[in-house]
Amino acid sequence: MDLLIHHFWELTITGLAIGAVYALVALGYTLVYGVLRLINFAHSEVFMYGSFAAVWVLMALGAGKATGLGLAGYLVVGFIAAMAMSGIIALVVEFVAYRPLRKRNSPPLIALISAIGASFTFSELMGLRDKPLKWFGLEGLQPYLGRARENLPLTLHVETKRVFPIFNYQVTNIDLIVLVSAIVMMVLLDQFVRRSRLGRGIRAVAQDPEAAALMGVNRDRVIRLTFLIGGIMAGAAAMMYLLKIGVTRYNAGFILGIKAFTAAVLGGIGNLRGALVGGFVLGVAENYGGAIFGNQWKDVVAFVLLIIILLFRPTGLLGESLGKARA
Amino acid sequence: MAEPTTTPEHDDALARPEDVDTTPDTSVDISVEEVTDLPQGKMLEVDDVTLRFGGVTALDGVSFHINTGEILGLIGPNGAGKTTCFNVMTGVYQPTSGDVRFMGDPLGRRKKFAITKLGIARTFQNIRLFHNMTALENVLVGADAHHSSGIFSALLRLPRHRAEEEEGMDRAHELLKFMGLEKRANELARNLPYGDQRRLEIARALATNPKLLCLDEPAAGFNPAEKVKLMELIQSIREQGYTVLLIEHDMRLVMGVTDRIVVLEFGKKIAEGLPAEIRDNPAVIAAYLGVDESAS
Amino acid sequence: MTAVSDFFHGIGDRFRALPKWAKVVLLVLLALVVYLLPILNPPLITTTGSDFGAVLFLCALYSLVALGLNVVIGYAGLLDLGYIGFFAVGAFTVGVLGSSHAKLPLLLCIPLAMVATLVSGILLGAPTLRVRGDYLAIVTLGFGEIIRLALVNTDWLSGPRGISNIPTPPSIHLFNVPHVTWQGFTAFLDLENTTDFLTFSVTDSIPYYWLALTCVLIVLFLDRLMQNSRVGRAWEATREDEDAAELMGVPTFRFKLLAFATGAAIGGLSGSLFATKQQFINPDNFTIIYSVLFVAMVVVGGQGNRWGVIVAAVLLTWAPERFRFLADARFLLFGVLLIVLSIFRPQGLLPPRRTLRAKEADEEAPDTLDAEGVARG
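Residue numbers (this note's numbering), protein chains in the order written: chain Y, 2 to 328; chain L, 467 to 762; chain E, 2 to 378.
Bound conformation, chain Y alone (with noise of 0.2 Å):
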């Protein structure tokens, strides 16, 4: 306990930008369960790819130790690399594991099904170690692919600093440029939700898929931008995650997933305010679990909250939203 109350800035406001990572995840799982009812479990290879990504793309800049504009370009190339591959990934798993069910109107199950083997394919996919590549001469590329199972760095090194106090915690600019990516993103989508045609279409196939048809709305279309959605968000939380924790692996996106999904029911499944909110209250959580029971039961407390959450309050702390895609 003592733990807790002398850290308790440090605690809550890396636990907010860990948070940040899960919140922004917990979008893509949110949007995809409100509009299709799916668990979609290939989102954490989704995030996986996307930081990868960024990885690659940094790695052949060469960058290194870096401040100022110079950091800030980095980081902007790091950020789109991850979310473009994060959307195109996306894409690609709707296409091949989800779309081919909705056209023989599948059970539930066997889409859960489905969505455990593209998990699976994506990641190992990535995982694959350096035979492949010597069978299509790509021994070139070994830095960069075939390297995934083990902990690929960061190239991008950024001096941690110190930039101001709030109480006895000096918040660093890494937890800084987290949250406000985060926050940047988060209110984006907002807009975009509320405001934009297609945002709204997202809202109408939620809630009755058969009348929005009717008005017009192409569903498919609806859906491949739910998807596209969830990846950018992805992404982009996918080059926090590099920033904070410096690595990645080919299964990177596993416990991240389940956390992010947790966060996600949390909240308030379809229910994008309550994604953020649960990203947040699960990242502080898990710190303060960390700090109270010890740091090897940080991963427990999620899987304990989330079992909590579901029998005491099924729909979440925001209330869900199924049908609503309620932002």
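Listed next, with one range per pair, are the computed distances between beta-carbon atoms:
| hint | chain 1 | residue 1 | chain 2 | residue 2 | range |
| --- | --- | --- | --- | --- | --- |
| 1 | E | D14 | L | S563 | 56 to 64 Å |
| 2 | Y | P109 | L | P572 | 35 to 43 Å |
| 3 | L | M635 | E | W157 | 46 to 54 Å |
| 4 | E | A320 | Y | L312 | 37 to 45 Å |
| 5 | Y | E211 | E | L41 | 55 to 63 Å |
Some residues of chain Y that are not near chain E, with every Cβ distance over 10 Å (derived):
| hint | residue |
| --- | --- |
| 6 | L76 |
| 7 | N174 |
| 8 | L180 |
| 9 | E211 |
| 10 | A212 |
| 11 | A213 |
Please keep in mind that the hints were generated in silico from the structure rather than gathered at the bench.
By construction, the Cβ of each residue, glycine as well, lies at the ideal position given by its N, Cα and C atoms.
Go by the hints and put chains L and E onto chain Y.
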């Protein structure tokens, strides 16, 4: 899955060679057990029941009762709250206020299966059979309502298990015979013709040994000849000792088979009485204005 | 693909048509062959790179798991993504009671482990079976992970180093069974290479295989009894239409809990067998990946069909060993297989023949309608 036929005459004209005779055999004894338990007067009382969901008041202060051994009709235009009434009586919804008393005992917060065990059984507006189970198995599930052998009895094939299985089988076969479905006992429910599916649902409900049988639009999609047969079936069910509550849209059927009628509109009871009274009741006629009165 | 399942169902039909004595003889012969597989070492089937007996043990073990999970997913329709948790509880109960905190004999540990798993199944199921289907999947996933993390972080239970010196089943020495070796397609009795009947030790997997196989046969038999009873019917009705089932008097929640507990107990049994064979267990053996693998076995096999899930379990365990060059890409192929099957064959390899019992009833009462017109599969 069999679709409800809208031109049912077609069905009779093109009888396939392998069509089986599915006339009900109402001589089979499927009577209510423990006839001595039945109350003399009211079997079920709906007492000032109101049901609200969010902004909608589905039932508003509805009160009526069903007497032992009678066939009560519950009618009203679409959306009047008839099926909602059934749902409250069978424990699917908890009333916002008011009580439902069965044989004097308020239902309270009992679970659905407990209410079935008390003695209220029902069929559904949209057929809800266990489609991938056979007709016999569907009825057996109903018969299991009063059984208590669990997994240990089953694994060890204890005497209780065997006795209950035999009792269930006997009752199921009797009911299937009564409904005229004996020959179709081993067909999957989803493959049965529409009329047989409706009758199977009734058989399944009767298998639970109810005192009160609630039928929700059992004649939907039937042709006039089938409706007549259904009327006879309902009457024989009553003769076997069951009390029947019937939701129906077909006025001829309702007038022909019920002893009394309760009329709902917009969640409120607007009339109650003998069929002849109801037929001439201006409020009832007004409620149905614009809707085809023969509604078959 | 329908041809494959029709083929198997056809075999089933011809089997049922035989007189009783013929059925018994055939079954006994079949059982004998299966028991003797690792001794016979048939050329195309045997795994050259690894110990065939050990591979068969694993096939039998995972068949047991598949049967247990089949009750949960196939019969009751509950999506459990944390089955490895029950497996772990079984294994570590044996470890704690047999090695690290007591020295109880294995034959006592196993039933105790099953009880422990059953209790954990009830503890998990009671609060969570009320939630919606997809949520149940996530909750059970979380449970599996909680078990693993609790084991890693609690030294009293296990700690990161696990438990070793797990007791073996009691051994009695009766006789030696020589193995069969092959040169090309000719068989030779190898009197050097023998299996002791019945000694359990690290050197020979085969007695363990026999133990696991016996458990599979017992569970198969009990499974059949369960399915042809009120319990089996209640599960099926609940899976078809839960609300309608409840309105027909089925206490659905109780039966769902029963399915969960039964599946858990079988999982616990499997975990115990695993522990005693390995002699050493470690929380790393019990990760989420296995839960997913188990679910895949049930779905690929045809959820609800006990033979289908066994076939899938055996295939998914044996194939990577037989075709070792696939080993590295094992999970990749597995993922692709899941996607392809979901799209093209969602009902699994051997979907349950729901008219099976109907057919049996037909033979007993010849005046009932021939079920020819009934849809297959």
